[in-house]
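Enquirer: So the sequence lines, in the order shown, correspond to chains A and B.
Be aware that the first sequence starts at 0, since it is given in numbering that gives the first Met the number 0, and climbs by one per residue.
Be aware that the second sequence starts at 0, since it is given in numbering that gives the first Met the number 0, and climbs by one per residue.
Derived by calculation from the structure, the hints in this document are not laboratory data.
Be careful, since some hints might not be right.
These stretches of chain A come out as covered by chain B in the derived footprint (C-beta under 8 Å, 3 or more residues) [stated by the list, open to error]:
#	region
1	53–60
2	134–142
3	160–169
4	195–206
Short derived list, chain A residues pointing at chain B, Cβ under 7 Å [as the list claims (entries may be wrong)]:
#	residue
5	Pro-71
6	Thr-122
7	Glu-209
8	Tyr-210
9	Gln-212
All C-beta atoms, glycine included, are put in the ideal place defined by N, C-alpha and C.
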Amino acid sequence: MNLSRVILHATLVVLTAAGIPVLQAGEYNAVVNIGAPMPEFSELPATDGTTLSSSDLTEEVVVLVFLANHCPWVQGMDGDLVKLGRAVQSDKVRIVGVSVNHREDDRLEAMKEHAAHAGYNFTYLYDETQELGRKLGATRTPEYYVFDKNRSLVYMGLLHNSPASKRRDGTIHYTEGEPTEFYVADAVRALLAGEEVTAEETRAHGCSVEYEQDQAR
Amino acid sequence: MRERVAVALLALCLTVAIGCAPTPAPSGGPGSATPPESSTPDEWQARLAPVTFDAWVDELSALKGQIVVVDMWATWCLPCIERFPHMVELANEYRGRGVTFVSLCLDDRDDEAALSLAESFLTEQQATFPNFLMDEVVTRAFEKLGLLGIPAVFIYEPAGDLRYRLTGDDPNNQFTDADVEKAIEELLEEIDPGIPAMRAWVSRDVDTSV
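Hey, can you work out the whole structure from these sequences and the hints?
Expert: Written as structure tokens, this is what we have:
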């Protein structure tokens with residue numbers, strides 16, 4: 000982590016702790032920018048019947064990914080997400096999926112079914128309060144956030160450079176052909192190697208996350 | 000609202016269930032996206048007119064002089080499907096008042112099943128305004144349009160400038176159906192400040208006892 004990012008992170012932590020709203024928009028994110036602290040969360044229910052709090056995360060690297068069962072862009076990328084889990088998850092790296100939508104097919108019961116069907120190999124949480132997504136400005140699914148050991152945001156956006164959707168005939172279609180740049184995997188590897196993360200933000204593509212606006216306005 | 004959503008989803012589900020019949024060939028040009036004068040609503044079938052991004056800019060330019068409301072949607076976007084009936088209602092409500100409604104579909108241009116479904120849905124909804132399909136790789140279309148996600152509604156003032164960009168980009172300020180109507184009314188009032196007052200006068204309670 001370079002000096003400017005350390006200073007930015009320290010400033011954000013101080014402001015957040017002081018209860019001062021921090022709005023650092025990224026290029027493709029209306030709420031947070033690189034360097035933002037990972038929001039705390041408490042006892043969110045998971046599809047495996049357990050709960051998870053941010054304080055339970057002890058790994059060096061945490062990947063949060065916002066998902067929605069109903070979304071063809073999530074369904075199209077599920078296989079690649081599971082591959083990511085196989086490739087990078089260890090005692091040093093943790094992937095956590097999060098669903099925040101209120102539509103019935105994105106809620107916990109449907110998530111259990113979807114996780115089993117897609118072979119999810121990571122913790123999949125439901126945040127009915129939508130707070131985690133709100134605080135991170137997560138507006139699309141799938142949308143990835145990679146945090147370092149200080150729980151500072153080092154990457155946000157796409158999994159790789161060719162988003163895929165599941166078509167109505169069940170086939171998976173990659174928009175840009177075979178992926179050639181693997182942003183999340185590269186960010187994780189760079190962190191583990193103590194190197195700079197080169198791609199920090201990309202334009203996530205997928206279905207929009209719907210937030211309750213009566214809580215926002 | 001809930002009834003409208005249910006109807007829209009039912010229409011989409013029925014379309015999926017019965018399959019998607021091919022729609023007639025267009026008569027040419029973007030005007031083909033609107034119904035011919037002789038057709039009745041029952042006979043009319045929607046047709047997506049493919050446009051590259053550059054052609055889209057030209058289409059918008061050709062609509063200068065009017066308030067233009069662009070609904071950006073796709074069949075894979077459930078909130079778009081749920082909101083669409085409201086756009087049709089608004090299009091009918093503002094017909095003849097200098098407001099043009101246009102839809103821009105962001106389905107995958109190579110996904111024939113999705114495109115056929117889109118046209119069937121537009122037909123079912125009686126979306127008798129121009130309906131375009133962005134003829135670009137979908138992710139690049141989003142980039143060129145400056146979009147992060149859909150549904151999104153862009154509203155252009157008569158001079159052709161983008162005035163309202165209604166999106167879901169900010170979790171704490173996602174647009175609602177009411178925002179679309181409010182934006183149109185604001186623009187109409189700017190064009191003719193007398194209109195809202197006249198409307199209030201027309202819709203006033205009439206004292207029939209006199």
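Enquirer: Measuring from the C-beta of A/Thr-122 to each C-beta in chain B, is the shortest one below 7 Å?
Expert: 22 Å, violated
Enquirer: Are 3 or more residues of the region 134–142 of chain A near chain B, judged by a Cβ distance of less than 8 Å?
Expert: holds (count 4)
Enquirer: Verify this for me: three or more residues of the region 195–206 of chain A with a beta carbon less than 8 Å from a beta carbon of chain B.
Expert: holds (count 5)
Enquirer: Can A/Glu-209 be said to touch chain B, with a Cβ gap under 7 Å?
Expert: This interface hint holds because 6 Å falls under the 7 Å limit.
Enquirer: Quick check: do three or more residues in the region 53–60 of chain A have a beta carbon closer than 8 Å to a beta carbon of chain B?
Expert: It is violated, with 0 qualifying residues against the three required.
Enquirer: Holds or violated: the hint that A/Pro-71 contacts chain B, with Cβ atoms closer than 7 Å.
Expert: 5 Å, holds
Enquirer: Should the hint that A/Tyr-210 touches chain B count as held when the rule is a Cβ pair under 7 Å?
Expert: 4 Å, holds
Enquirer: Quick check on A/Gln-212 please, does its C-beta sit within 7 Å of some C-beta on chain B?
Expert: Holds, because the Cβ-Cβ distance from A/Gln-212 to chain B comes to roughly 6 Å (cut-off 7 Å).
Enquirer: Given that the region 160–169 of chain A was listed as covered by chain B, double-check it with a C-beta distance under 8 Å for 3 or more residues.
Expert: holds (count 5)
Hint compliance for this structure: hints 1, 6 are broken, all remaining hints hold.
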